[in-house]
Amino acid sequence: LIVLSVIGHSESYGPKRTFQDFLELLASLEYDWNTATLGLLVGQQEEYDNIISYLDKYESESSFSKIVVINSIYIEKSNTIDRGSRHNDNIQKERRRNISKSRNFLVTNAISDESFTFFLDSDMVKIPKDMVKVFLGTKKDVIVPRIAKGAAIENYDFNSWRGRRIKPTAEEDKKMDTDPNYYFVPRPDGAHHLHEIMHMKDKYKHNGEQSFLVELDAVGGAILWVKSEIFKQGVMFPPYYIIGTKWEREGYDGIETEGLCYQAKMIGYSCWGMPNYVAHH
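First residue of the sequence shown: 1, per my numbering; consecutive thereafter.
Worth flagging that the hints you see were computed from the coordinates, not collected in a lab.
Take these hints with a grain of salt, some might be off.
[Unchecked claim] Simulated crosslink set (DSSO-like; lysine-lysine; CA at most 30 Å straight-line):
hint	residue 1	residue 2
1	Lys133	Lys246
2	Lys265	Lys246
3	Lys57	Lys167
4	Lys149	Lys227
5	Lys101	Lys66
6	Lys101	Lys205
7	Lys139	Lys16
8	Lys66	Lys174
9	Lys167	Lys201
10	Lys139	Lys126
11	Lys167	Lys93
12	Lys205	Lys232
13	Lys133	Lys149
14	Lys129	Lys246
15	Lys101	Lys174
16	Lys129	Lys57
17	Lys93	Lys205
18	Lys57	Lys139
[What the hints assert, rightly or not] Okay, the calculated beta carbon distance ranges per label pair:
hint	residue 1	residue 2	range
19	Lys16	Tyr156	14 to 24 Å
20	Gln210	Ile73	40 to 50 Å
21	Ile91	Pro15	30 to 40 Å
22	Gln20	Lys174	49 to 59 Å
23	Thr108	Gly14	45 to 55 Å
24	Lys265	Ile166	38 to 48 Å
25	Ala151	Glu11	40 to 50 Å
26	Asn181	Ser270	19 to 29 Å
27	Asn181	Gln20	38 to 48 Å
28	Thr108	Arg249	42 to 52 Å
29	Ile153	Lys16	27 to 37 Å
30	Lys174	Asn50	42 to 52 Å
31	Asp49	Lys139	22 to 32 Å
32	Lys57	Asn181	43 to 53 Å
Beta carbons are placed, not taken as given, at the ideal position from N, Cα and C, and that holds for glycine.
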């Protein structure tokens with residue numbers, strides 16, 4: 001098992017949280033971490049130095065079998081979007097393009113012979129302690145839980161879904177061909193997200209049991225479990241909209257984690273979600 005996380009800077013862990021909180025969250029999970037690898041991609045030089053300093057002490061107490069920490073300044077330079085505006089439609093594409101590049105860089109440089117890859121956002125705050133055991137037990141290729149935030153937000157990660165999405169009209173497609181400033185906003189067209197599937201017990205034939213699995217067309221990346229063999233066969237996080245791509249331009253949907261499942265399906269793998277199994281952002 002390898003745990004991967006992209007850490008942009010000292011504020012990437014969330015308000016009043018540090019790298020120590022990230023490690024303590026990992027330690028709360030039931031797993032023999034002495035047999036696992038930790039891989040980190042850090043953008044800010046100062047935070048990279050802080051992490052190295054902390055790990056020098058941490059390694060002497062209880063450690064992973066291997067720790068890979070990569071400093072990549074381009075992440076910090078390209079991720080200048082403030083946290084308050086990062087979900088605005090007009091900046092989503094560039095933000096997710098940068099996330100894709102970072103995830104791919106980490107995957108290609110950190111994974112060795114580990115069978116499973118466990119992506120974890122550095123600002124997650126609560127995870128079921130049996131998550132690794134549960135994911136292993138499903139024997140699925142790609143898995144995500146439902147991500148909640150606080151008591152009011154049932155679903156924080158809308159990149160996990162199944163069903164239809166909006167496609168551009170002929171006029172919109174032509175605009176994409178001719179106007180480099182035109183931005184088509186990908187969005188659902190009857191697609192169901194994990195919190196909706198959680199409530200649609202009759203349609204999806206479940207009774208709220210945590211073990212319930214539903215096949216997905218796309219996944220998010222706050223927590224993402226992937227068989228490492230999938231990456232080793234060329235599937236990655238596309239840093240462009242892969243759906244609708246032409247030779248002259250990128251497409252209109254399927255960037256970053258949402259494009260991962262599209263590629264994985266092409267070579268015989270499938271993506272799954274657990275709408276009743278919840279982690280907190």
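Results of checking the hints against the structure:
Between Lys133 and Lys246 the CA atoms are separated by roughly 42 Å; this puts the pair beyond 30 Å, and the hint is violated. For a cut-off of 30 Å, the pair hint linking Lys265 to Lys246 stands: about 20 Å separates their Cα positions. Note on Lys57 and Lys167: the hinted pairing is violated, with a Cα-Cα distance of about 52 Å set against a maximum of 30 Å. Only pairs whose Cα atoms come within 30 Å are accepted, and Lys149 paired with Lys227 is accepted, the gap being roughly 27 Å.
The straight-line distance between the Cα atoms of Lys101 and Lys66 is roughly 23 Å, inside the 30 Å bound, and the hint therefore holds. For the proposed pair Lys101 and Lys205, the alpha carbon gap of about 38 Å is over 30 Å, so the pair is violated. About 36 Å separates the Cα atoms of Lys139 and Lys16, which puts this hinted pair outside 30 Å; it is violated. The suggested pairing of Lys66 with Lys174 is violated, with an alpha-carbon distance near 50 Å, which exceeds 30 Å.
This hinted pair checks out: Lys167 and Lys201 have alpha carbons roughly 28 Å apart, not beyond 30 Å. Restraint check: the Cα-Cα separation between Lys139 and Lys126 comes to about 23 Å, which is no more than 30 Å; the hinted pair holds. Under the criterion of a C-alpha separation no larger than 30 Å, the hint pairing Lys167 with Lys93 is consistent with the structure, at around 16 Å. With a C-alpha separation of about 35 Å, the suggested pair Lys205 and Lys232 falls outside the 30 Å cut-off, and the hint is violated.
Between the alpha carbons of Lys133 and Lys149 the distance comes to roughly 23 Å, so the proposed pair stays at or under 30 Å and holds. With a CA separation close to 44 Å, the supplied pair Lys129 and Lys246 exceeds the 30 Å bound. A C-alpha spacing of about 28 Å is found between Lys101 and Lys174, which places the hinted pair at or below 30 Å, so the restraint holds. This hinted pair checks out: Lys129 and Lys57 have alpha carbons roughly 25 Å apart, not beyond 30 Å.
With a CA separation close to 35 Å, the supplied pair Lys93 and Lys205 exceeds the 30 Å bound. Under the criterion of a C-alpha separation no larger than 30 Å, the hint pairing Lys57 with Lys139 is inconsistent with the structure, at around 36 Å. Against the hinted window of 14 to 24 Å, the Cβ-Cβ separation of Lys16 and Tyr156 comes to about 19 Å, which satisfies the hint. For the pair Gln210 and Ile73, the supplied restraint of 40 to 50 Å holds, since their beta-carbon distance comes to about 41 Å.
About 21 Å separates the C-beta atoms of Ile91 and Pro15, a value inconsistent with the hinted range of 30 to 40 Å. Between Gln20 and Lys174 the CB atoms are about 53 Å apart, so this pair conforms to the stated range of 49 to 59 Å. Distance hint for Thr108 and Gly14: a CB-CB separation of about 27 Å, inconsistent with the stated range 45 to 55 Å. Distance hint check for Lys265 and Ile166: the Cβ-Cβ separation is about 20 Å, which falls outside the suggested range of 38 to 48 Å.
In this structure the supplied range 40 to 50 Å is violated for Ala151 paired with Glu11, their Cβ-Cβ distance being about 24 Å. Between Asn181 and Ser270 the C-beta distance comes to about 37 Å, which lies outside the given range of 19 to 29 Å. Look at Asn181 against Gln20: about 44 Å separates their beta carbons, and that is inside 38 to 48 Å. Between Thr108 and Arg249 the Cβ separation comes to about 25 Å, which falls outside the hinted range of 42 to 52 Å.
Distance hint check for Ile153 and Lys16: the Cβ-Cβ separation is about 19 Å, which falls outside the suggested range of 27 to 37 Å. Taking 42 to 52 Å as the suggested C-beta distance range, the pair Lys174 and Asn50 conforms, at roughly 50 Å. As the Cβ distance of Asp49 to Lys139 is approximately 41 Å, the hint placing it in 22 to 32 Å is violated. Distance hint check for Lys57 and Asn181: the Cβ-Cβ separation is about 50 Å, which falls inside the suggested range of 43 to 53 Å.
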